[in-house]
Amino acid sequence: MIHDFLSNWRLYFPVDFEVVMRAVESHAQTPQWGEFPINDWAYVKVMTYSTKTADHTIESHMNWVDLQVVSSGIEQIDLYAPGDLIQSRAYSGDDDCIFYQTSGADRRSSVLLTPGMFGLFFPGDVHKTQIAAKEPQEIIKIVIKIKYEFFTHRK
Numbered sequence: 014m015i016h017d018f019l020s021n022w023r024l025y026f027p028v029d030f031e032v033v034m035r036a037v038e039s040h041a042q043t044p045q046w047g048e049f050p051i052n053d054w055a056y057v058k059v060m061t062y063s064t065k066t067a068d069h070t071i072e073s074h075m076n077w078v079d080l081q082v083v084s085s086g087i088e089q090i091d092l093y094a095p096g097d098l099i100q101s102r103a104y105s106g107d108d109d110c111i112f113y114q115t116s117g118a119d120r121r122s123s124v125l126l127t128p129g130m131f132g133l134f135f136p137g138d139v140h141k142t143q144i145a146a147k148e149p150q151e152i153i154k155i156v157i158k159i160k161y162e163f164f165t166h167r168k
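Its first residue numbered 14, the sequence shown is counted upward by one per residue in the numbering used here.
Treat the hints as calculated values from the structure; they're not laboratory data.
C-beta atoms are modelled at their ideal positions from N, C-alpha and C, and glycine is treated no differently.
Don't take each hint at face value.
In the SDA-like style, the derived pairs of lysine to any residue whose C-alpha atoms are separated by at most 20 angstroms in a straight line are [to be verified]:
id	residue 1	residue 2
1	Lys160	Ala145
2	Lys158	Asp68
3	Lys160	Ile87
Pair ranges (Cβ atoms, derived) [as the list claims (entries may be wrong)]:
id	residue 1	residue 2	range
4	Ser39	Arg102	28 to 36 angstroms
5	Gln89	Gly117	15 to 23 angstroms
6	Gln42	Gly117	40 to 48 angstroms
With the hints as extra help, turn the sequences into a complete structure.
Right, here's the structure in full:
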């Protein structure tokens, strides 16, 4: 998991990632709700929702990396130690998700996504999104789904 300022993207990604960053910038300035292809290894999901104080889904992925950005509002994301959780749904290729529930010994860490920052979640990074930082609020969220192969099969 990486949490940093969007302006630092070049520290982590090759130059051909610029097309992804242009998609983030475009959708942050003029959000269009839905899913849109970027290229053969990435697509963007743009959504709006209210953050929550109640429990929400804990998940991880196997084949896609999530680049998460909020263009409006603040969202807390919790990160979990996978060994502390109980798997509540086996992997599904339909949504590339494994779901979990807490076991009572859930070690976790939290990060805040604010405009201008990103969170990058790799396969195996167990995370829970949609958490209200203080009070629930409406946010605009941009999630870039990137094939894990983009990171593992580079020349």
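Results for each hint:
With a C-alpha separation of about 28 angstroms, the suggested pairing of Lys160 with Ala145 is violated against the 20 angstroms cut-off. For the given pair, Lys158 sits about 24 angstroms from Asp68 by alpha-carbon distance, which is inconsistent with the 20 angstroms threshold. Pair hint Lys160 plus Ile87 does not hold up; C-alpha atoms about 26 angstroms apart against a cutoff of 20 angstroms. One distance hint, 28 to 36 angstroms for the beta-carbon pair Ser39 and Arg102, holds here, with the actual separation near 34 angstroms.
At roughly 21 angstroms, the beta-carbon separation of Gln89 and Gly117 lies within the given 15 to 23 angstroms, and the hint holds. Separation of Gln42 from Gly117 is about 44 angstroms and conforms to the stated range, judged on CB atoms against 40 to 48 angstroms.
Of the numbered hints stated above, those contradicted by the structure are hints 1, 2 and 3, listed in ascending order.
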